[in-house]
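Asks: Turn these sequences into a full structure, and let the hints steer you where they fit.
The primary structure of each chain is shown beneath.
4 protein chains.
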Amino acid sequence: MSGVPGDAAEAIVIAGQRLDHLGLVPATAGNFSVRLDARRIAVTVSGRHKGFLTPDDVMAVDLDGRPENPRQRSSAETLLHCGIYRRFPEAGAVLHGHSVANTVLSRAAGKALTLRGHELLKAFPGLPTHDAAVTLPVVPNDQDIARMQRGLDALWSDMADPPPGYLIAGHGSYVWAPDMPTALMRMEALEFMLACELEERRHAR
Amino acid sequence: MSGVPGDAAEAIVIAGQRLDHLGLVPATAGNFSVRLDARRIAVTVSGRHKGFLTPDDVMAVDLDGRPENPRQRSSAETLLHCGIYRRFPEAGAVLHGHSVANTVLSRAAGKALTLRGHELLKAFPGLPTHDAAVTLPVVPNDQDIARMQRGLDALWSDMADPPPGYLIAGHGSYVWAPDMPTALMRMEALEFMLACELEERRHAR
Amino acid sequence: MSGVPGDAAEAIVIAGQRLDHLGLVPATAGNFSVRLDARRIAVTVSGRHKGFLTPDDVMAVDLDGRPENPRQRSSAETLLHCGIYRRFPEAGAVLHGHSVANTVLSRAAGKALTLRGHELLKAFPGLPTHDAAVTLPVVPNDQDIARMQRGLDALWSDMADPPPGYLIAGHGSYVWAPDMPTALMRMEALEFMLACELEERRHAR
Amino acid sequence: MSGVPGDAAEAIVIAGQRLDHLGLVPATAGNFSVRLDARRIAVTVSGRHKGFLTPDDVMAVDLDGRPENPRQRSSAETLLHCGIYRRFPEAGAVLHGHSVANTVLSRAAGKALTLRGHELLKAFPGLPTHDAAVTLPVVPNDQDIARMQRGLDALWSDMADPPPGYLIAGHGSYVWAPDMPTALMRMEALEFMLACELEERRHAR
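Protein chains in written order, with my numbering: chain A, 1 to 205; chain B, 1001 to 1205; chain C, 2001 to 2205; chain D, 3001 to 3205.
Incorrect hints may appear among the rest.
What the hints assert, rightly or not - Straight-line C-alpha distance at most 27 angstroms; calculated DSS-like pairs for lysine-lysine:
#1 K1111/B to K1122/B
#2 K122/A to K111/A
#3 K1122/B to K122/A
#4 K3122/D to K2122/C
#5 K2122/C to K2111/C
#6 K111/A to K3122/D
#7 K1122/B to K2111/C
#8 K3111/D to K3122/D
Bear in mind the hints are in silico, worked out from the structure with no lab data behind them.
Replies: In structure tokens, the structure reads:
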């Protein structure tokens, strides 16, 4: 018994199939979650290929990342999911994936990556127009996930209105949204813009 | 009741699945339409992922973009579809999509993009040979769609024989044709040539 | 009645589905054929998308390209298929497709393109080792297909052992083999090597 | 009768379908095996397209590569599989595939290729962190497979802890793992990192 309602588990299974189709979850990379209630989330278990999940590969944890069923182990980055749900009450679903574009750009970027003038920026909230810019934080990779989350919390505290996404250098992108379909849409929009940026930087050299 | 005949809705649903397979409709990008009669078109509703449409995601509007069913809202760029149907009596289907190639090239281009010497130019009308060129207008992006359409109308008035397609800077490509299968063929041909152009410009730097 | 045996038509339909999966037949590009007997071949009809063929989209022509059923019209490049079957008695199947790599490389190449040191060269006949080279002719594109074929015949007459393939500048690649599965294997091998070459030339600039 | 248990044959068939989906087995490239017991392995037969295998395309050989059924012929590189199973008792499955990235990088590399700072390095054993490096040997291609294996044996003897993978210049990558799912995960992780490296080297020029 995973303690996860069927529709939450199904949303995560389907998200994984779509992100695998888009090439965003190589090997066992990537992890996904949805908020179940004020204190619990459903999240992927550790170590599975995210394109071939079953509902049994989804488990419940509290907002400190503690599993309801102590025999289960959730994805290594669970605390990053918890950090998002704790900070952003509107967050209902979180996606993390790896692409060639987000890996190469995040490894080359400094502390932030700015996307400017793309029509698909409208997929992010509060941007009714393409004539705008979104600046995504880029944080260093760290195997101490709690420490990485503390860094993100500090970063968000300094921002007036943090965007619903960030990059970890060499370790993929995170996006969130009120629900899973919107989170998938933001992930597709972000990855499309990053693929364009990678091309443009080649041209601009 | 959408007021859209089943075959028109189905043509749009299938077009979306194909363009998603080709990677041309990331997030909620892209929109499609077919002409129903002299005064009405069927067009995609706003906000859906275009790779997963159902017939209920297609609605009828008149050539000024007014919905038959006032509770439905059509894609934001509906007036660009209407502008094409009003201007070109032979237009029976319109497709709009985003690719890395059309985004990067349209952002870098000035007012036009010329494709030259490609065998696939024959997919455009009036070109029985590859030994030719098609010059596609590139217009600036604008969230005021009516104003963007006025700019296109002015542009077309200055052209002897406007080609059935254009690019919006950072906002994808539009193509049209007498029917949906031909529009899909032109979209595939255009996007293939743009992908080649992007490669060639890298080599030419 | 197409006059084409079911297995020949089916081999062509399946080849089209595979080449579409590999992105080698955009729009209505590409055409395929198999030899039926000493004087006849089965070839794709004109104008169809080659990823969605049915057996009715395959027709019989003689080695001068004349249709058995005068109401059918075969692919524009039928005479290039006939030229291969007339010249090379061992040819049993011919494939033609367009890729970004074969388009960009053939437009940039002079009269030939040499592939060297690839393990997949072994897909070509008479090369038991990778430590070899295959030089593929590159011919200028020409809407006069009969004239293009005369150029190829002249070229082949000057070669001791013509390889089972060539490129047309900006107009794709041709490969042939004793049977369709082997032709598909050669096409995949050729296109893989061309994709590698395109990458290597970027690095070498 | 192939003498191969059904689950071993099925693991190899499914691996081929996945690697074809990922574009890693063009033409007849690639070969796969699983260990059956201390003295026997199941390996792909020679010459098939690895994306379309059936259980009959899998055969048993001993650790010197001799077929149990003398009428069957295994993949040309069988001795490389045997070399891995003889040397590494923990190896339970071996995969070999070709990508544009592994071909281009292995042709350009000297004797080794170092991957550094990638989160996906954790797919390799003994690396609990991304803050590490894996150095993969790159060996020259050679049609004398026994000689190539002797070179690998000499190389491994000089290494304290050989990583479970290597590249052959212009001839793809090899990875192994205790079981097939883990081998597939390592292949996906390796190929993802190689695709990133190829992009980064373009930027770094």
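Asks: Evaluate each hint against the coordinates.
Replies: Against the structure, the hints:
| no. | hint | in the structure |
| --- | --- | --- |
| 1 | K1111/B to K1122/B | holds, 23 angstroms |
| 2 | K122/A to K111/A | holds, 23 angstroms |
| 3 | K1122/B to K122/A | violated, 35 angstroms |
| 4 | K3122/D to K2122/C | violated, 35 angstroms |
| 5 | K2122/C to K2111/C | holds, 23 angstroms |
| 6 | K111/A to K3122/D | holds, 24 angstroms |
| 7 | K1122/B to K2111/C | holds, 24 angstroms |
| 8 | K3111/D to K3122/D | holds, 23 angstroms |
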